[in-house]
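S.K.: Sequence lines, in order, name chains A and B. The numbering of the first sequence is numbering that gives the first Met the number 0, which starts it at 0 and goes up by one. The numbering of the second sequence is numbering that gives the first Met the number 0, which starts it at 0 and goes up by one.
Where hints are given, some of them may not hold.
Derived lysine-lysine pairs resembling DSSO-like cross-links, with alpha carbons at most 27 angstroms apart [what the hints assert, rightly or not]:
1) A:72 / B:150
2) A:50 / A:10
3) A:21 / B:39
4) A:72 / B:133
5) B:55 / B:85
6) B:128 / A:94
7) A:115 / A:102
Hints in this document: simulated from the structure, not taken from any laboratory.
Below, each chain spelled out in residue letters.
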Amino acid sequence: MAVEFSPEARKRFAAIVGGYPKKEAALLPVLFLAQEEFGYLSGEAIDYVAKIMGISAARVYSVVTFYTMLNMKPIGRHHIQVCRTLPCALSGAEKITAFIKAKLGIDVGQTTPDGKFTLSEVECLASCGTGPMMQVNDAYYENLTEERVVEILRVLK
Amino acid sequence: MDAVKLTIDGKEVTTTKGTTVIQAAAEAGITIPHYCYHPKLTIAGNCRMCLVEIEKMPKLQIACNTQASEGMAVETQSPKVLAARKAVMEFLLINHPLDCPICDQAGECWLQDYYMQHDLQASRFAEGKQHERKREVFGPHVVFDGERCIKCTRCVRFLQEVTRTDELTVVDRGDHSTIALFPGTVLDNPLSANINDICPVGALTDRDFRFRVRVWYLQKTPSICPGCSTGCNISVESYQNRIARFKPRINEEVNSHWICDEGRYCFYALTDVERITAPLIRQEGGLVPTDWKTALGAVISVLSGAQPVCGVLSGRNTNEEAFLFAKLLRRLSPQARLEVYYRERKLTEVEKILKSPDRSPNFRGARDMGVSDDGFEPLLSDLLDGKFRSAYFVGEDLLREVAQGEKVRQALKKLSFLVVQDTHLSETAKLAHVVLPAVNFAEKEGTYTNRKGRIQRLRPALVPPAGARQDLEIFSLLLARVGEPIRRATPGEIFLEIAREVPRYRGLTYESIGNLGVQIES
């Protein structure tokens, strides 16, 4: 099946592109839209975005690999993204990541066999005053301790 | 154009407004160290190697992206600059492998050169080096070593801005960032190997040249690419009397900094042949070696008796050779039909950036010398129609070059006399009555006139095998036998004769042509 936007997504695409003076500037929001549509950004999805944006697939690929919130592989229902940048690292992010790894039995970049959780380490999420912190899908969880992580993982379905 | 006056290292420099500091310095003969800056690409400003101190500016500035302005005082060698350069070098070398002895870039690596000039200290990096992809094949001519890459993005910008094919990009971020192709694609465009030339380090190397010769052993001869009539300026780089590679030589009037892949590797077909080292003459049972006196005598006596005669010169013959060839055949037979081999093909948009639609680098010069009556195609069809009794072919294997090869074979077999002058026993030469062993483009001196009318010098890079003779010498020996001796048959002397006799070449000398050529009016 060819990768293609639904009519609804097509409308949103037109609206996004219309909001920028240059088409290429709309690339990030278009990629978010594509990720929402297709679940993740496969090679075919990148090719498709390149085609509708009128730029090379290599350039889209470059952007996709730069941003940790854009995924090139299918991810679990809950995408756990632990911040690894300096303030979080100083306040114990590495310990939190190690704890989650042990708890879920997966490594960074992997997904649990039930498809529930994917674990990633990401760059600064702009919540430096409340580290260590993580983002699960679109929600922030701050001032993490091992107890809080246990609680959060229990609540996530 | 507004002029701007500034000082660089105390030297007063005048340049035009809009010029960057690195360009203004280059114009004044001062080279500011750099990696990512390339005069033919957009400014990236990522390597930080060109930092300079500018009076009244609190911090060091990158010379590649700072415009020269009136009264500016630039220091490129101050203690602050030297310290910064040393720090940049140390930073660039943090993850760089220490494998110079087995790296093919060694000897022409900007990391090595600048390390010697600006760093010269042991690494203080105690942590493990970042590992990257090694020996990844990007395409037919390019192989990538991720660990040696400094992410200057010259290759990415070349493919975006010059070929506009956009194959490579920077992926990932931080110390994971690297150069990559979009998965499933290859880097295969007609100019792809240029990125090996502009890569300042050992990250991109030429799959053909790689590990063939250490570069410090190469002998470099400035010459002209024999691939087509664009006449790209090249450096023929040889080792032990064999060509190891072609490299582009900068000439803004012709090829800028680039050459095409087809031209870059065209020397194999022209030089990797089994050479003939004695004249051959047809006797019962086939071609047998003979001496020059017998061979040349046969050429003159039979050719002058078997008319009408046609002469086909290779597009790789020089102006000087064409001049004597025309003189010789007109002397043998005023009605002789002469042409230089010339055929066109279709080019893609990317090919058109550099390539001409032919494979005859000097077709225009040969025509200027009188080797042309009504074009190559009419001559070929007359040949196929059996309108000639004899023929003299130089340096071109017509049986292989022409699509109607089999028809040509039949036509040549019907000739009462065929002379072939070439480096090897080509399919065409096998049909000849006399074969004269000659030399290739890399063994001779002379001039080519490119498609646009630029006269440029071809220089000998290799020594021809014993027994073969210069085309020029063969023509002059034959001319002597028809009563037109050439007093000094050296290329330079013949060119002076051309400069006297051929109107558009009037007054030119080898000295005036120089390394970059001379444009004659069209």
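S.K.: Check each numbered hint against the structure and report the violated ones by number, ascending.
M.R.: none
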